[in-house]
Amino acid sequence: MTKSFNPPGRTMQRRDFLKAAGATVAVAALPAAVRAAEPVKVLLWSWVPDLQLEVDQFNAAHPGIKVELVNAGQGNPEYQAVRAGLKAGSGLPDVVQIEYQLMETFRQVDAFADIGQYANAHKGEFPPGLWAQVSKGDVVNGMPQDFGPMAMLYHKDIFDKYGITPPTTWAEYAEAGKKIHAADPNVFITDAPFGANADWVLGLLWPMGWKPVSRDGDKLVININDKIAKGFAAYWQDLINAGVVETKPGFNNEWYTGLDSGRYATWLAAGWGPLFLTSVAKTSVGKWRAADLPQWDKSKFATGAWGGSALAVMKTTQHLPEAAEVAIWLNTDPAPTKLYTTKQNFFPCTNALLSSPEWAGAKPEFFGGQEVNKVFAKSAAAVSTFEWSPFQDFLYQSMADEFGASIGGKGTLSDAFDRIQDAVVTYAKDQGFTVA
Amino acid sequence: MSNSPAATKRPGRSGGFASRKLAPYLFLTPFVLLFIAFIVAPLVYAFYMSLYRDTLVGGRHFAGAASYIKVTGDAKFWGGVWNLVLFGVVQVPIMLGLALLFAIVLDRGQVYAKGLFRLGFFLPYAVPSVIATIIWGYLYGPNFGPFTQIAKALSIPPPDFLSPGAMIFSLANMVTWEYAGYNMVIYYAALKAIPSDLAEASRIDGASSWQFARLIQLPLLWPAILLTIIFSINGTLQLFNEPYLMRSLASNTINSSYTPNLYAYSLATQGQQYGYAAAVSFVLGIVIAGASYIFTLITNRRRPGQ
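Listed in order, the protein sequences are those of chains X and L. Every position in the first sequence, counted from 1, becomes a number in my numbering once 4 is added. Every position in the second sequence, counted from 1, becomes a number in my numbering once 2 is added.
Here chain X stands alone, though its shape is the one from the complex (with noise of 0.2 Å):
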């Protein structure tokens, strides 16, 4: 008896191999044919709830390799898995979940395989800011899984009630914080969580050119609290004097009933905020809209991105061609990738799903009926490149505490740039960086 779930063909020969060897043979002993048969297994480490879904389609569609998924963590927990056995050498996945700001702090510490010779065909299928994500040259280290482009969802009941057109410039959008405050002193433009999402930071950061940290090899250049950081600090810090952001952690029950009650007009939020608002705030269905990311410069538009990860191959792996396949494969065929939108709310990365009708189209109940996805494939594909630092958690944490520290009295935001800056240059050259 064969059980269900034994790919037919193949093992079935195996079986009727080993009963007429009398079955107490051992693999070792087998003929190579036929060990060759056995699939090749390859270990992901995932906290995408539901992969297994995706996962199967993989295995029903490669009878030659098997994928094994293990949840080893979400995020932090995962990459001190990944760290421990990268120092012990061993107990490390062939594939492994790792989010794009993140990538170059890995490739630090040579944590990935090149899968270029495999990847690079698929280059092509992707917005080019995202494919920079996962990529250097020709050099490709994984495969892009979900992103976050940046746009912003905002109260139109609020808007309405005051009479004001949605802000399409950063001026605008101080203006109208300005005026809905004056008019309700319980209703926030947003709110700014500077001390707690230093990603949401430097997704705004993002579109302004903010180059933090350099690298050319070993040597760095870092400039945090350069003009841009400046003249970002100095806007915010404006908003905050004025009292018309708040500046509370998000992420929390508080803020999710801040968004659903309208205390916070608007939510400058990434490609997979739609969906996640209209899970947290189920009381505002119908009152939101979604709009581009207010401008600094109206003559050229300008987005950045805020979240998304990539399945990345380690550089340890024994099944090189077998893992890029599995992280390929998982991100570029239509049957997983469409999955993805359907039942992890994933934002997409292909273009071929960005363009779909089905997706594109779609007209959600929650933002009254309009083609919000719209809003965020436009900046999906207007995302540009960023450069993330080799140490990049170092850098959000020294970006928390010391905005952190600023919001609740320590001087102000361009100090806690400046002392960021002081903190991340020690850091540098305490690791062995040059620091020019």
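Treat the hints with care, as some may be off.
As the list claims (entries may be wrong) - Result set (SDA-like, lysine to any residue): computed pairs, CA atoms no more than 25 Å apart in a straight line:
#, chain 1, residue 1, chain 2, residue 2
1, L, LYS154, X, ALA186
2, X, LYS91, L, LYS154
3, X, LYS127, X, THR389
Unchecked claim - Partial pick of chain L residues on the chain X-facing surface, computed with a CB cut under 10 Å:
#, residue
4, ARG22
5, ILE256
6, SER268
Hints are computed from structural coordinates only; laboratory data are not their basis. The beta-carbon is built from N, C-alpha and C at its ideal position, and this holds for glycine as well.
Knowing the structure of chain X, use the given hints to seat chain L on it.
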């Protein structure tokens, strides 16, 4: 020796001397093995790590005592220790005072539904700190929390429990809520161990309830109180869970070096400075041992009722 040979040499046991010498160690083996595997070995490894430096460029190299020298002048580390000294000076006496009060009240005969009260006081200790933080995070909520709502309804300015000035007290309140019941159980057990004839004798001698508590119960409780104070000094200086979890609600106040353990954690996880994190942990251990030792020295000289 007053023992007769018959008493020490029991019948039916062969090789008496050697096996009697060995038996205790045999019984201790499971403990010793686990102790070595999960306490001694990690400590030795952490100490080994603290003598090395890991850098992103250049890898691992021997650093000797350099990390320890760096800790002694690290403002972030000592800032965290200072935060906790302030925290402990306020929180520990309040928590232990409440625990003592609850234990004495429960020990007296006049309380109805004693078991219910005892369970009620103890229950917060059984609540995982993750859940406790969610509960208190909701209560402290600056926009939509119940205290804010009440204040708004009464048109008085709402309290901001998560502000830089108030945070340490908000944390102290959480920790008191969590651990007062645990300490109460220790006191309660110690009170139950006081022979009832002492209570009877004091009553016959005309002692009031207050005199009985102060002159008889308190001195007899003293060893238990000392024990809980040492536990509290240890627990306070190692504070991690509560500030770590409250960070998602009060990130502008609680930074990555708010407590020494939080600092060591951040160094290892965000900064990949494993060697330095190990050194910070060891210095913290020395600080805790020192604080406990000084406290024991002081209390050994002065005992109440002597």
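Practice prompt. For the pair we were handed, X/LYS91 and L/LYS154, check the Cα-Cα distance against 25 Å.
Written response: violated, 54 Å
Practice prompt. May I ask you to test the interface hint for L/SER268 with respect to chain X, counting a Cβ-Cβ separation under 10 Å as satisfied?
Written response: holds, 6 Å
Item to complete: With a cut-off of 10 Å on the beta carbons, see whether L/ILE256 makes it to chain X.
Response: holds, 8 Å
Practice prompt. Verify the interface restraint on L/ARG22: the C-beta must sit less than 10 Å from at least one C-beta of chain X.
Written response: Cβ of L/ARG22 sits 45 Å from chain X, so the hint is violated.
Discussion item. So if I understand the rule, the pair passes when the alpha-carbon distance is 25 Å or less; does X/LYS127 with X/THR389 pass?
Written reply: Given that 25 Å is the threshold and the Cα spacing comes to 15 Å, the pair holds.
Worksheet item: When you check the alpha-carbon spacing of L/LYS154 and X/ALA186, does it fall within 25 Å?
Response: holds, 19 Å
The structure fails hints 2 and 4 (numbered hints given earlier, in ascending order).
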